[in-house]
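Given chain A, put chain B in place with the hints provided.
There are 2 protein chains.
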Amino acid sequence: MQEITHHQIMIFFFSLAILIGLARIFGELCKKIGQPSILGEIAAGIILGPTVFAYIAPDLQATLFPSSGPLYVTFEFIGMLAITLFMLIAGMEVDLKCLKKQAKPATVVGISSMILPFAGGFALVYLFPKTFDTQEKTFVTALFMATALAISALPVITKILMDLKLIKTDLGVTIIAAAIFNDLTGWMIFAIVLSLMSDTSGGFPWGTIVGIVAAGAFMLTIGRKIVLALIPRVQAHASWPGGVMGFILTGALLAAAVAEWIGVHGIFGSFLFGVALGDSPHLRHQTEEYMEKFISFILTPIFFATIGLKVNFLTHFDLFAVVILLVVGSITKIVGSYVGAKICGMSQRESMALGWGMNARGVMEIILAIIALEAKVINDTVFVAIVILALFTSMTSGALMKISLKRRSKTSALTSFGRGAFVADLKHPAPAHVIKDMVLQLNIDHEVQADIIQSTISREQLMSTGLEKGLAVPHCRTDLVKKPILLIGLHESGADFDCFDDGKAHVIALIITPLSDPESQLELISVLASHFSSKEEMVKAMTCKSKVDMQAILNAADEMSEKHS
Amino acid sequence: MQEITHHQIMIFFFSLAILIGLARIFGELCKKIGQPSILGEIAAGIILGPTVFAYIAPDLQATLFPSSGPLYVTFEFIGMLAITLFMLIAGMEVDLKCLKKQAKPATVVGISSMILPFAGGFALVYLFPKTFDTQEKTFVTALFMATALAISALPVITKILMDLKLIKTDLGVTIIAAAIFNDLTGWMIFAIVLSLMSDTSGGFPWGTIVGIVAAGAFMLTIGRKIVLALIPRVQAHASWPGGVMGFILTGALLAAAVAEWIGVHGIFGSFLFGVALGDSPHLRHQTEEYMEKFISFILTPIFFATIGLKVNFLTHFDLFAVVILLVVGSITKIVGSYVGAKICGMSQRESMALGWGMNARGVMEIILAIIALEAKVINDTVFVAIVILALFTSMTSGALMKISLKRRSKTSALTSFGRGAFVADLKHPAPAHVIKDMVLQLNIDHEVQADIIQSTISREQLMSTGLEKGLAVPHCRTDLVKKPILLIGLHESGADFDCFDDGKAHVIALIITPLSDPESQLELISVLASHFSSKEEMVKAMTCKSKVDMQAILNAADEMSEKHS
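Protein chains in written order, with my numbering: chain A, 1156 to 1720; chain B, 1156 to 1720.
Bound conformation, chain A alone (with noise of 0.2 Å):
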C-alpha cells in the first residue's frame, strides 16, 4: 500500500457514503413524488458535484471528489463497473422469445419508431452544427444524435407497464418486442459509430465492424447455446447461489473485456452476455433477484451520481438545444411509433399510448451520452440537453401513456394506511365493537364517522370478513370518502371474525374506498391477504407498536404484490 495515504483511505470511506446516501435519498424522494429514481441520483450528483457543491465550497470539493489523483481513478473504475453490471441486468431483461413470438408487429413498430427519429438526429448536426457539431466530426456526431434519437429505455417502459398492470397484455407485449428491437439495433449502431469515432487512422474501421457483428452474432447464437447448457450444471454441481452469480459475473466481465479488445465499449459485452443468458429457464428467479438488488439498488446509482460530479449542468445548460431536442426528439420518435402501430392494426388509442411508451429514453441514453461524451463525439452542452431529454420524457411517460389508455395505478396498501390510522391494542372482541373502536380514531367528521361504522358493521353482518391466519378485513364503500382509506388494528387476544382457523382474528385491516373507484376495493384485500397468509408475517405483525413499523410492513407488502402481479 505504499501509493495509498491513511488520508485518501479516510476521504473514499468518506466519498463513497456521500454519494451513495445522497444518491439514495433523492432517489426515495423521486419516487415517492411518482418520478423515477435516477432523476434523484443524477441531481445527488449535480448537488455534490461541479454546478452546487464546488460552487459554494471549491477546496472541499476537490478534496471529497477530486479530478485527478488515486480517488478519482478509482470512482471512475467503480462507475465504469457499476455501469458494467447494470448493462448486464438490463440485458437479462431482454427476451428474446417474446420478440420471436411478436415479430412482425415488433419488427414494424421498431423500425418505424426509429426511422423518424434517426433522420431527425443526423438532421439537427447539419442544421445547427454550431451548436451540436462541435467537435469537428461531422457525420460521427450526426450517425450519434440520429442513434440518441432513436433508442427506446426497454427498462423504464417495463416499468410502465407494470405499474399500469399492461405488462402481460397484447399492447404490453408489443411495445417490449419493439422496445428490445430498438435497443438491440440502437446499440449495434452506437457500437459503430464509436468504433467510427476512435479510429484514428481515418479509413473506415471494417475490422472493428466485422468484429462487433461477429461477436454479436456469436454471443446470440451458439455462445448462448454454450451459456444456456452451462447454467444447470453450475447449479448442480457449484454451491447456490454463490456458484451461479459467480459464473455470471466471470461471464460478463470476461464479454466486457472481449468487447473492449473488439474496440467497443465493455458494456456491449456484458449486455450481450446478459440477453444470452437471459430467459434460461434454469436461472432461478432468486438468482437474478440477488445480483439485481444490489447492483440496482447500490451500484447503480454511484454510476449516476458520478455523472452530475462530472458536468457542470448551470454553465452548459443551453436553452436552444435543450428545447430543439426535446421538440424534434419527441415527435418523431411518436409519430414514428404511431404510424408503426396503425399499419399493425392497433386502436387509435392504443397507438398513441404506444408512442408515449416508445418515446421514454430513460437510462439508456444516458449511459449512450456518457459514453459519447467521453469519447469527445460531443461537447458538455450536448451532453446536458440529451440528459434532460431522457429525464424529461421518462418522467411524463407514464402519465400520458395512463390519460389516452384511462388507466389507473394499483392501489397502494401504505399509501392507504398513510390516510388511516394504526390501532395498537384493541380489547372487545365483538366485531361491531372492535369496527367502532378503530373508524374512530380517524381524524374526520363525527357524522362521517358514525356513517362508515353504521356499513361496515351492516357489510360484516352481511357475511363475516375473517379470512386465513387470524386476518379480518372489514370494508365499506361510500361517498363520503375520496380516496382508499386503510385502519390497521392489532387485538392480542382475539376478535370474534369467524376466521378459518380459530375463528380469531388478530390482525383487523378495515378498508374505506370511494364508490367512484371499484377496483380499489380488492386491490386492498388481495395485497393484505396474500402478504398475511404466512404465519410469520402475522407474528412479526403482531409487534408493531406504532403507525410506523406497522407502515414498514405494507411497504414490503406492497413490493412483494406489486413483484408477483
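If you're looking for bench data, these hints aren't it; they were derived computationally from the structure. Be aware that a few hints might be false.
When chains are identical, the list treats them as one kind, so a pair holds in a single copy or across two.
To be verified - In the PhoX-like style, the derived pairs of lysine-lysine whose C-alpha atoms are separated by at most 25 Å in a straight line are:
| id | residue 1 | residue 2 |
| --- | --- | --- |
| 1 | K1256 | K1700 |
| 2 | K1695 | K1255 |
| 3 | K1591 | K1624 |
| 4 | K1690 | K1624 |
| 5 | K1700 | K1380 |
| 6 | K1702 | K1380 |
| 7 | K1252 | K1695 |
| 8 | K1700 | K1252 |
| 9 | K1700 | K1255 |
| 10 | K1256 | K1695 |
| 11 | K1695 | K1380 |
| 12 | K1186 | K1252 |
| 13 | K1497 | K1256 |
| 14 | K1690 | K1252 |
| 15 | K1561 | K1624 |
| 16 | K1557 | K1186 |
| 17 | K1285 | K1591 |
| 18 | K1582 | K1255 |
| 19 | K1531 | K1659 |
Showing chain B alone in chain A's frame:
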C-alpha cells in the same frame, strides 16, 4: 477520463474476471471436499500472484496484476471496500442479546480461552525474536501476536455449529456467546495495537485509545438505539429493500470513515455498525440476504484472492515459524477453552468439543494479519505462518468437534441422488411397477435390486407414501446399501400413489437408506417434502430432461433446508 487508457480498461475487466472466476472455482472445489471456501479463494490468489504465475510468466503477470499504477490502486480500494463490507456482515451476525443471556459462561469461557493464547503469543516474540520480532517493535509486535492467537472466528464457528445441527443447543449457544466475547475484546485490543503502532511521536497514544473506547461505547449504546429507531422508519418510507440497503451501507461506510479519522482501520467502524444493527427486530431477513449473498460470494473472494497476490507463499514459508505457531496457538487455545468449559460445569466431551470449536481462527485471523503486515508490525514470513494457522485450524475444527461429540452431518439430497438415478419418463400407473422401473436403473447387482424392490413395495402396501402436490416418497431401509441413495422419477400422467390432492404422483422420489443410519431417511423426506411443497417447484421439476437438471434443483433444495434448519 484523461488518466485511464482504453488498454487499462480492458485489463481491468479481464483481471477482475479472472480473479472472481478462479476464486469462485477454487472456493467451490474446496467446499466439495468439505473444506472452507476461503482456502480455495486464497489459493486462487497464490496461483495468480508472485508464488506461481509470476514465476512462470512474470511479464504477463505484471501486466494483469500490476503492483503500482491505477489498476493496482483500484484493486487495493476495491479489496478494502470488500473487507469493510464483509466486516459489516460479520458484525450483523453478532447477537448481543445472546451474549447478555449467556453472560456468565460467555465471560468465563471467553476470558479463559483468551488468557493462555494471549500469553503464548506474547511469549513467542520474546522467546524467538529472530523469527517473530523482525520489525524492531518488540512490545507492539508481541501485543499483536498475543491478540492474533487469542481471537476466534465467529463466522467459521457458526457455520460448523449449523452443519452439526448444534446451533440452538446449550453447547452451541455457549460457544457462540464466548466467540462473540472473544471477537469484541480481541478487536478492541487489536485497535489499540494499531494505534500504538501508527503513533510516530513515540509517546503512548492516549488520544486514539480514548477515541476507540468512546466510539465503541457510543456505537453500542446510543448509536445502537438511534440505528434501531431509524431502521423501521427507513423501511416505512423508502423503497424496499433498496432503502434499507442504502441506509446500512451508507452508515457502515461513514462508520468506517470515522474509524479511520480516529486513527484505526476502517473495518472496526463497519464491524461495530454491523453489531449495532445486528439484532434489530425490524430488519427483514430478506434484506440481510440480499446484501450478504453479493458481499460474501462476490466481493469477499476478491479480497481473499488479492491476499495471495501480495505475498510469495513459497519463498516466505518458514517451517519453524509455522510449526511453533500451530503448536502454541492450538494448545493454549484448546486448553484454555477446555478449562473454562469445565469451570462452567460442562461434561468432559462437551468441554473438549468446545475447545476444538474455539480453536477455529478462520477469516478474522487473516484480516488481522493482513492489516498487521501492511502496518509493518510483522513481516511476510510471519504473515504466511499466521495464514496457515488460520486455514489449518478452520479445516480441522469441524471434523474434530464431530468426532468428540459423535455427531453426523445432515444427509444431503444432492449427494444421495449422485449415487442414485433419474428416470424422466415413467409410464405405468401402478406404484409397484413404478418402483420396479426405477430401481432397475440402479447400477447394482440384480439380486440386490430385487431385494430393494421387494421391500419398497411391501412398505408401500402397508401405507401409501403419496404426499401433497403430487409428490410420492416410496422408501426402504436395508443393509444392502452403505450410504443413502435417492432415485427420482417423473410421471407425466401421474402414478396412483394416493397423494393428497387428486391421488396422482408426478414426482416420485425413491429413498434407500442403510439400517445403520436411522436418521437419513427422515432427513431426506423432509428436505424433499418442504422443497416440493410449492406448485412452482413441482412445475420446474417436471421440465427436467436430465440428471444434471434435477441435480440443480436438489442443490437448491439442500441449501434452502440448511438455511431454515
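Hints, one by one, checked against the model:
no.	hint	verdict
1	K1256 - K1700	between (51 Å within a copy, 24 Å between copies)
2	K1695 - K1255	between (45 Å within a copy, 23 Å between copies)
3	K1591 - K1624	within (23 Å within a copy, 43 Å between copies)
4	K1690 - K1624	both (7 Å within a copy, 20 Å between copies)
5	K1700 - K1380	between (53 Å within a copy, 16 Å between copies)
6	K1702 - K1380	between (52 Å within a copy, 19 Å between copies)
7	K1252 - K1695	between (41 Å within a copy, 18 Å between copies)
8	K1700 - K1252	between (48 Å within a copy, 20 Å between copies)
9	K1700 - K1255	between (52 Å within a copy, 24 Å between copies)
10	K1256 - K1695	between (44 Å within a copy, 22 Å between copies)
11	K1695 - K1380	between (45 Å within a copy, 20 Å between copies)
12	K1186 - K1252	neither (31 Å within a copy, 36 Å between copies)
13	K1497 - K1256	within (19 Å within a copy, 71 Å between copies)
14	K1690 - K1252	between (38 Å within a copy, 24 Å between copies)
15	K1561 - K1624	neither (37 Å within a copy, 41 Å between copies)
16	K1557 - K1186	within (17 Å within a copy, 52 Å between copies)
17	K1285 - K1591	neither (71 Å within a copy, 82 Å between copies)
18	K1582 - K1255	neither (59 Å within a copy, 34 Å between copies)
19	K1531 - K1659	neither (69 Å within a copy, 66 Å between copies)
Comparing the model with each numbered hint stated earlier shows that hints 12, 15, 17, 18 and 19 do not hold.
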